[in-house]
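Student: Start from the sequences, fold in the hints, and give me the full structure.
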Amino acid sequence: MFVLFEDAGKFLAGRVLSETDSSAQVELESGKRVKVKATGMLLKFDQPQPQELLRQAQEIAQTIELDLAWEFAPEEEFGFADLAHDYFGATAGIAQRAGALLRLFEAPHYFRRAGKGRFRKAPAEIVQQALAAIEKKKQVQAQIAAWAAELVAGSCPAPIREQLYRILFKPDKNAPEYKAVVEASRGAQAAPLALLQRAGAITSPYQFHAKRFLLEYFPKGTGFPALAAPAIRDELPVAAVQAFSVDDSHTTEIDDALSVQGLGSGTVTVGVHIAAPALAIQAGTPVDQLARQRLSTVYMPGQKITMLPDGVVQAYTLMEGRDCPAVSLYVRFDEASLAVQASETRLERVPIAVNLRHDQLDAHLPEAWLEDATLRADDVPEPARRFRPELSFLFRLGRHLKAQRELVRGKPENFSRPDYNFRIPGAGEDGPAGDEAVEITVRRRGAPLDLIVAEAMILANSTWGQWLAEIGVPAIYRSQASLAPGVKVRMGTKALPHAGIGVKSYAWSTSPLRRYTDLVNQWQIIAAARHGRTAALAAPFKPKDAELFSIISAFDAAYSAYNGHQATMERYWTLKYLQQQSIRELEATVFKEGLARADTLPLVLPVLGAGDLPRGTRVLLRLGEIDLITLDVSGTVLQRLDTLGAAAVSAEDDTEEETVAGPIAIAVDVTETPLEESGAAPAAADH
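Last residue of the sequence shown: 686 in numbering that gives the first Met the number 0, with the numbers rising by one and none dropped.
Don't read these hints as lab results, they were simulated from the structure. Take the hints with a grain of salt, since some may be wrong.
To be verified - When the alpha-carbon atoms are kept at most 25 angstroms apart in a straight line, the in silico DMTMM-like pairs for lysine to aspartate or glutamate are as follows:
#	residue 1	residue 2
1	K9	E26
2	K115	D81
3	K541	D429
4	K36	D6
Unchecked claim - Per label pair, the in silico range of CB-to-CB distance:
#	residue 1	residue 2	range
5	T221	P542	49 to 59 angstroms
6	R489	A341	56 to 66 angstroms
7	A402	K172	52 to 62 angstroms
8	K137	R489	51 to 61 angstroms
9	L214	R185	21 to 31 angstroms
10	S203	A335	51 to 61 angstroms
11	E370	D322	29 to 39 angstroms
12	A239	L214	46 to 56 angstroms
13	L214	A37	36 to 46 angstroms
14	S203	R385	39 to 49 angstroms
15	D555	V237	34 to 44 angstroms
16	E428	P107	36 to 46 angstroms
17	A37	A190	51 to 61 angstroms
Computed from a predicted structure; not experimentally measured. Cβ atoms here follow ideal geometry from the backbone N, Cα and C, with glycine treated the same way.
Tutor: Below, the structure is given as structure tokens:
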């Protein structure tokens with residue numbers, strides 16, 4: 000005897016070996032033996048063989064018209080054999096009964112299951128809704144197939160083109176557009192990105208990279224809600240100084256300014272004045288929530304996405320011609336020895352005399368003019384001549400402070416490689432389109448203005464960080480345990496040494512309009528300035544405050560992503576520059592096995608033929624094809640230019656992460672390498 004039974008939603012048939020009132024031992028065609036409960040046995044039969052019965056039942060099931068079966072079915076609960084007799088007649092055989100069972104089971108939109116082999120027909124309105132849904136699904140599937148066929152044929156349907164970047168980077172995997180790309184990719188045996196490129200879907204490599212970033216970090220767009228800048232209600236004294244700032248011409252978020260008092264008196268007071276949005280913006284308010292959501296301004300060539308709305312920035316920025324609210328650090332130095340005598344923090348309004356622009360001054364500000372007061376330099380612009388004594392002292396002080404930090408570091412800072420400025424004159428207000436001409440110029444790290452500002456900011460960040468630690472006010476610190484290769488800069492709430500900079504502690508506090516960590520630290524500094532050693536009780540963030548750790552975690556992730564995007568866009572424009580200038584060969588220096596760094600451009604690339612060359616070897620490369628989607632270019636060694644060897648490359652380069660183009664991160668095949676901060680001191684732009 001044979002039996003047909005249900006097991007985990009599947010119908011099986013086999014030979015009954017033994018049977019009791021509650022169960023039976025059944026042998027399947029495969030030889031496997033299973034125990035079947037009596038309630039699970041739906042049909043017992045002697046003919047035909049089990050597998051033949053299942054085959055016949057499948058064929059018969061497909062002949063049963065569901066509409067007709069639904070009409071025949073009684074209103075009350077019924078068994079599959081009852082329906083078989085109503086549909087096929089009283090003489091319905093085993094195969095017909097089994098066929099009815101299979102047909103009922105696979106049509107839940109017509110017949111609801113009420114138990115083993117038991118059913119109840121669905122209400123008419125439910126049936127109609129289900130049939131409409133099934134028909135719609137068929138139409139969608141047909142549309143998916145049609146779109147997939149177009150993609151394979153080399154054409155991109157408009158709906159897929161409209162959803163292109165979401166499909167690639169943040170897809171709804173149930174959307175028909177996404178399913179069409181997946182189906183076409185399988186059919187064409189090609190990666191989705193390559194398939195879409197062949198189909199002409201990606202018309203702008205620049206937009207490809209930009210949209211990828213925006214969809215991930217600004218899915219609702221980069222605009223701001225209508226928010227007014229909160230007013231500063233404190234009655235602040237006006238400082239008796241004339242301060243000046245040093246920034247790039249495109250900078251609107253002017254966070255910091257400097258002043259010098261007492262020249263020629265033997266004691267000189269240097270003021271570091273930081274814009275004070277924390278005097279007005281309170282934690283938890285709408286402006287704070289917006290800043291905490293963005294966490295930092297995002298920079299890229301020809302464009303930036305600010306942390307705060309422009310109206311808010313302009314309310315607190317250190318604009319020339321205004322008395323601007325500021326958190327000021329005054330440090331007194333012995334004018335001859337430059338030894339620190341004392342420091343003091345004040346909340347005040349600071350007269351900003353001028354906003355100096357380093358990109359307009361760097362080329363016209365020789366070190367000799369700052370070192371020798373008798374030296375003339377007629378081409379030095381008037382704003383710099385006006386503050387010559389202050390700039391000269393700050394330059395001397397900057398070199399002194401740098402030398403002191405290098406003693407702590409145990410070795411000089413590495414300024415062997417230049418920084419590069421990207422300028423895109425044709426970019427519109429909303430940023431570049433990607434086809435504009437790009438200008439890449441060198442900005443030498445350690446240039447006078449760069450050194451002055453960098454050292455002043457390091458002085459402020461380290462002084463405030465140490466002060467907060469001494470009086471027990473928590474803050475957000477950056478630290479680095481050592482300069483050993485692979486030891487990264489970390490963020491935390493402990494005032495630990497920063498080996499890369501060479502200071503006892505370092506708390507970012509000098510860019511509160513551009514970085515959320517600095518805004519948080521400024522709240523703490525303001526509390527310390529107002530309450531002194533009891534500030535820990537009055538500060539917004541208390542010791543061991545879990546909120547600080549949450550901010551650190553979110554900021555670290557966002558800042559790494561923003562830096563990664565900046566590196567991506569700079570690489571894009573560097574490759575675009577190679578194309579625009581028709582550069583096919585360039586000189587480079589080997590710095591790692593198989594990798595070289597261009598001597599005059601911000602470009603690292605894999606090189607064929609450099610595997611056996613020592614570090615520091617200069618080579619002439621022939622460039623391969625440039626791919627602006629993958630940001631890939633490689634080189635082949637044409638000629639060895641020298642044999643300088645390892646001494647030509649500083650060992651400190653080992654501490655830096657070099658970004659070389661790799662697979663583009665898309666939703667179906669993702670890899671990504673973020674940019675990390677190096678151990679070198681920050682440039683002026685990274686106050």
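Student: None of the hints should be skipped; say for each whether it holds.
Tutor: Outcome of the hint check:
As the CA atoms of K9 and E26 are separated by approximately 16 angstroms, the hinted pair is consistent with the 25 angstroms bound. Restraint check for K115 and D81: satisfied, since their Cα atoms lie roughly 14 angstroms apart, inside the 25 angstroms limit. This hinted pair does not check out: K541 and D429 have alpha carbons roughly 41 angstroms apart, beyond 25 angstroms. Of the supplied pair hints, the one linking K36 and D6 holds, its CA atoms being roughly 10 angstroms apart against a limit of 25 angstroms.
A beta carbon spacing of about 36 angstroms between T221 and P542 contradicts the range 49 to 59 angstroms that was offered as a hint. Separation of R489 from A341 is about 31 angstroms and departs from the stated range, judged on CB atoms against 56 to 66 angstroms. Between A402 and K172, the C-beta spacing of about 58 angstroms keeps the proposed range 52 to 62 angstroms intact. A C-beta distance of roughly 56 angstroms is found between K137 and R489, which places it inside the suggested range of 51 to 61 angstroms.
Judged by the Cβ atoms, the range 21 to 31 angstroms given for L214 and R185 holds: they are separated by roughly 24 angstroms. With their beta carbons about 60 angstroms apart, S203 and A335 fall inside the hinted range of 51 to 61 angstroms. The given range of 29 to 39 angstroms is respected by E370 and D322, whose C-beta atoms sit roughly 33 angstroms from each other. Roughly 51 angstroms separates the CB atoms of A239 and L214, a value that falls within the hinted 46 to 56 angstroms.
The beta-carbon spacing between L214 and A37, approximately 58 angstroms, falls outside the hinted interval of 36 to 46 angstroms. Distance hint for S203 and R385: a CB-CB separation of about 46 angstroms, consistent with the stated range 39 to 49 angstroms. In this structure the hint that D555 and V237 lie 34 to 44 angstroms apart at CB holds, the actual value being about 38 angstroms. With their beta carbons about 57 angstroms apart, E428 and P107 fall outside the hinted range of 36 to 46 angstroms.
A C-beta distance of roughly 54 angstroms is found between A37 and A190, which places it inside the suggested range of 51 to 61 angstroms.
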